[in-house]
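Enquirer: Residue strings, one per chain:
2 protein chains.
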Amino acid sequence: MNSLWEKFGGYMIRDSSENKSLYYLTDFEVHDDVTYLKTEDKDLLLVSPLEASRAGKEASVDKVINTAKYTEGDIRDDREKEIDLIKKFLKDQNIEKLAVPEDFPLGLGDELRKEIELSPVNDFVIEERKIKSEEELVKLNESQKMTEKAMKHSKEILEASDIHEGKLNYEGEVLTSERLRKKIKRVLEDAGCNVPEESIVASGREGSDSHSIGKGPIKAGEPIIIDIFPRKDEYFGDMTRTFVKGEASEEVEKMHSAVEEALKQALNVIKAGVTTDEVHGKVCEVLENRGFKTLRQDKDTEEGFIHSTGHGVGLELHEPPRIAENDEELKEGMVLTIEPGLYFKDVGGIRIEDMIVVTEDGYENFNSMSYEL
Amino acid sequence: MNSLWEKFGGYMIRDSSENKSLYYLTDFEVHDDVTYLKTEDKDLLLVSPLEASRAGKEASVDKVINTAKYTEGDIRDDREKEIDLIKKFLKDQNIEKLAVPEDFPLGLGDELRKEIELSPVNDFVIEERKIKSEEELVKLNESQKMTEKAMKHSKEILEASDIHEGKLNYEGEVLTSERLRKKIKRVLEDAGCNVPEESIVASGREGSDSHSIGKGPIKAGEPIIIDIFPRKDEYFGDMTRTFVKGEASEEVEKMHSAVEEALKQALNVIKAGVTTDEVHGKVCEVLENRGFKTLRQDKDTEEGFIHSTGHGVGLELHEPPRIAENDEELKEGMVLTIEPGLYFKDVGGIRIEDMIVVTEDGYENFNSMSYEL
Numbered sequence: 011m012n013s014l015w016e017k018f019g020g021y022m023i024r025d026s027s028e029n030k031s032l033y034y035l036t037d038f039e040v041h042d043d044v045t046y047l048k049t050e051d052k053d054l055l056l057v058s059p060l061e062a063s064r065a066g067k068e069a070s071v072d073k074v075i076n077t078a079k080y081t082e083g084d085i086r087d088d089r090e091k092e093i094d095l096i097k098k099f100l101k102d103q104n105i106e107k108l109a110v111p112e113d114f115p116l117g118l119g120d121e122l123r124k125e126i127e128l129s130p131v132n133d134f135v136i137e138e139r140k141i142k143s144e145e146e147l148v149k150l151n152e153s154q155k156m157t158e159k160a161m162k163h164s165k166e167i168l169e170a171s172d173i174h175e176g177k178l179n180y181e182g183e184v185l186t187s188e189r190l191r192k193k194i195k196r197v198l199e200d201a202g203c204n205v206p207e208e209s210i211v212a213s214g215r216e217g218s219d220s221h222s223i224g225k226g227p228i229k230a231g232e233p234i235i236i237d238i239f240p241r242k243d244e245y246f247g248d249m250t251r252t253f254v255k256g257e258a259s260e261e262v263e264k265m266h267s268a269v270e271e272a273l274k275q276a277l278n279v280i281k282a283g284v285t286t287d288e289v290h291g292k293v294c295e296v297l298e299n300r301g302f303k304t305l306r307q308d309k310d311t312e313e314g315f316i317h318s319t320g321h322g323v324g325l326e327l328h329e330p331p332r333i334a335e336n337d338e339e340l341k342e343g344m345v346l347t348i349e350p351g352l353y354f355k356d357v358g359g360i361r362i363e364d365m366i367v368v369t370e371d372g373y374e375n376f377n378s379m380s381y382e383l
Numbered sequence: 011m012n013s014l015w016e017k018f019g020g021y022m023i024r025d026s027s028e029n030k031s032l033y034y035l036t037d038f039e040v041h042d043d044v045t046y047l048k049t050e051d052k053d054l055l056l057v058s059p060l061e062a063s064r065a066g067k068e069a070s071v072d073k074v075i076n077t078a079k080y081t082e083g084d085i086r087d088d089r090e091k092e093i094d095l096i097k098k099f100l101k102d103q104n105i106e107k108l109a110v111p112e113d114f115p116l117g118l119g120d121e122l123r124k125e126i127e128l129s130p131v132n133d134f135v136i137e138e139r140k141i142k143s144e145e146e147l148v149k150l151n152e153s154q155k156m157t158e159k160a161m162k163h164s165k166e167i168l169e170a171s172d173i174h175e176g177k178l179n180y181e182g183e184v185l186t187s188e189r190l191r192k193k194i195k196r197v198l199e200d201a202g203c204n205v206p207e208e209s210i211v212a213s214g215r216e217g218s219d220s221h222s223i224g225k226g227p228i229k230a231g232e233p234i235i236i237d238i239f240p241r242k243d244e245y246f247g248d249m250t251r252t253f254v255k256g257e258a259s260e261e262v263e264k265m266h267s268a269v270e271e272a273l274k275q276a277l278n279v280i281k282a283g284v285t286t287d288e289v290h291g292k293v294c295e296v297l298e299n300r301g302f303k304t305l306r307q308d309k310d311t312e313e314g315f316i317h318s319t320g321h322g323v324g325l326e327l328h329e330p331p332r333i334a335e336n337d338e339e340l341k342e343g344m345v346l347t348i349e350p351g352l353y354f355k356d357v358g359g360i361r362i363e364d365m366i367v368v369t370e371d372g373y374e375n376f377n378s379m380s381y382e383l
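Protein sequence lines correspond, in order, to chains V and P.
Using the working numbering, the letters of the first sequence map in sequence onto residues 11 to 383.
Using the working numbering, the letters of the second sequence map in sequence onto residues 11 to 383.
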């Protein structure tokens with residue numbers, strides 16, 4: 011961060027608050043693109059007249075500047091005006107060497123390079139975002155509590171269901187993935203959550219495709235993966251359990267027991283200073299020792315443990331770090347999912363996922379719900 | 011489009027399906043970044059082993075290529091691997107001159123430029139997306155029907171409410187913006203819609219801030235703006251009505267009548283060949299003639315008609331073209347909102363919005379609900 015200012019006069023983002031790093035820096039929600047400039051001693055937000063008054067109240071930056079200072083009218087339809095605006099703004103701020111994120115738009119970059127030096131740099135904001143503040147931890151914990159509440163509700167519905175011709179029946183009607191998904195959404199929304207993406211409720215073969223959200227009647231005697239990931243107060247929760255209604259086969263019992271053991275042993279490894287590779291390696295080790303294939307053993311396998319162990323969670327559902335065959339040191343305050351799973355086309359899928367925060371000598375689990383099938 | 015292939019060997023997008031132009035081209039929903047390459051005679055989608063089988067089934071491209079052809083393991087944590095992958099892929103396709111969208115990531119662009127020529131070009135996909143196909147029109151019509159259904163439901167709730175101490179009461183409880191918003195969401199979700207963003211239910215002063223979604227008890231005798239914009243089957247609906255429960259003031263009646271007239275006259279102007287400026291100009295003309303301020307008259311005004319007349323709707327809620335002081339020709343098959351409004355800090359806001367499709371000699375309105383207060 012400090013070294014940035016030796017080489018560059020500023021760091022600029024041009025985007026909407028869909029860019030969560032921009033939102034993180036400004037606390038300002040906005041649909042249209044705005045321009046954010048950070049220099050060694052201040053940060054500025056350049057917004058249109060439509061947004062200026064709200065930005066003045068809401069944005070946590072040193073100064074909000076109205077684009078009217080540099081240009082007339084609306085720049086949204088006029089690319090040349092937009093480029094001209096940003097050039098004038100940078101000139102006004104005496105910026106000659108500018109750092110931007112890797113994903114800065116190339117078209118605008120090419121134009122600005124006619125006047126200034128411009129270099130993509132590693133996103134230091136994403137580095138900061140990995141370590142959650144106390145306030146963020148409170149929000150993440152709250153989101154995960156609501157996620158767990160919805161998971162418990164799902165479990166109750168499964169428990170209250172009857173089996174009829176191999177399918178689940180709840181309150182006299184067939185229980186489909188769609189119907190249970192809707193009930194989960196209601197619980198979440200009643201708890202003040204947003205559900206930007208539908209929950210996964212996938213039974214039997216559906217569950218073996220880790221990207222299918224599941225459809226159709228829920229079958230008895232087969233694993234039912236339920237993965238819930240709502241957002242509350244901008245922060246995500248993320249949790250998975252796998253249930254069986256009726257009798258689980260021996261194969262499913264074995265898979266579940268292996269996944270549960272992998273999760274527990276991975277959690278035991280976690281503390282500040284350990285690497286993502288060590289955590290992922292522990293999961294692979296447990297599963298391989300129990301005779302299941304993993305991607306690290308066989309990079310072409312389409313069955314067994316075929317994804318990574320987990321990921322960071324925050325303003326985005328999937329944030330760095332990824333817990334896989336990479337080599338990143340875990341730090342205190344990182345919030346991560348740990349989610350080992352096993353998938354077989356003719357059996358279905360098993361996944362168990364908790365969300366935890368890394369501490370100096372271990373972790374705290376945001377979940378308390380049991381892992382049982 | 012044809013001229014593109016005279017200058018470039020290919021057009022490449024690297025993004026997730028959050029990029030709606032990429033989704034439009036591929037019909038493939040994917041969270042991780044994928045690489046799409048269009049050449050003069052074919053289009054290719056380069057995806058990770060995790061996505062390859064699903065992409066083979068779902069993506070509407072000529073060929074799906076597995077990244078395993080060029081690289082081992084997971085590239086998501088390894089920027090160098092990612093860059094190397096794309097270089098190899100482009101080499102394999104004999105691409106030496108590449109066109110990319112303006113918003114192509116600068117960091118990746120700089121790296122690719124070490125080996126090939128790379129130029130940002132105007133997004134031809136967004137041009138294609140402006141003109142909706144028959145299939146898209148069916149989906150947009152269906153979305154708007156559901157939107158109108160939710161609007162009618164809102165109106166019924168307002169009608170069934172009592173006035174108690176200047177506030178609305180529904181089924182024995184105070185009717186707040188939050189409560190009505192939730193009821194709207196339920197109707198939409200029961201109709202199979204997603205509600206990625208909360209509906210606007212803003213009464214009184216709240217309604218004068220065109221960016222506030224509204225909160226607190228709904229007041230009698232003051233305008234209540236309800237703006238609903240759900241998505242169904244990937245396509246958005248968008249509609250606004252303004253109601254008054256109880257007695258509307260003369261000022262509000264005047265504003266409403268002016269906005270209704272502006273909407274009707276703008277619709278009368280619309281047909282293929284007319285420009286956005288002519289439509290927006292008609293709205294301004296009607297409102298100005300009735301004594302209201304507009305942005306085109308006074309670019310600093312914070313009251314009166316302070317936004318544009320409308321926008322395109324499709325896979326995104328706000329798509330080109332914008333209907334404002336720009337000069338774009340309307341074409342058959344464009345789906346647009348027409349949404350004049352008036353805002354005064356001490357009165358509140360009035361906005362009426364329909365969604366229409368431009369035809370050769372006029373328009374078809376996706377809405378049939380009356381405009382009455």
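Accuracy of the hints is not assured; some may be wrong.
[Said to hold, decoys possible] Residues from chain P that keep clear of chain V, each with C-beta distances beyond 12 Å, as calculated:
(1) E106
(2) S143
(3) N179
(4) E199
(5) D310
(6) E312
(7) G372
[Stated by the list, open to error] Covered by chain P, per the in silico footprint, the following chain V stretches (three or more residues, Cβ under 8 Å):
(8) 117-123
(9) 172-181
(10) 266-276
(11) 341-353
Keep in mind the hints are simulated off the structure, nothing from the lab.
Note that beta-carbon positions come from the ideal geometry of N, C-alpha and C, so glycine has one too.
Enquirer: Evaluate each hint against the coordinates.
Expert: Against the structure, the hints come out as follows:
| no. | hint | result |
| --- | --- | --- |
| 1 | E106 | 18 Å, holds |
| 2 | S143 | 25 Å, holds |
| 3 | N179 | 22 Å, holds |
| 4 | E199 | 7 Å, violated |
| 5 | D310 | 8 Å, violated |
| 6 | E312 | 8 Å, violated |
| 7 | G372 | 25 Å, holds |
| 8 | 117-123 | holds (count 4) |
| 9 | 172-181 | violated (count 0) |
| 10 | 266-276 | violated (count 0) |
| 11 | 341-353 | violated (count 0) |
Of the numbered hints listed earlier, those contradicted by the structure are 4, 5, 6, 9, 10, 11.
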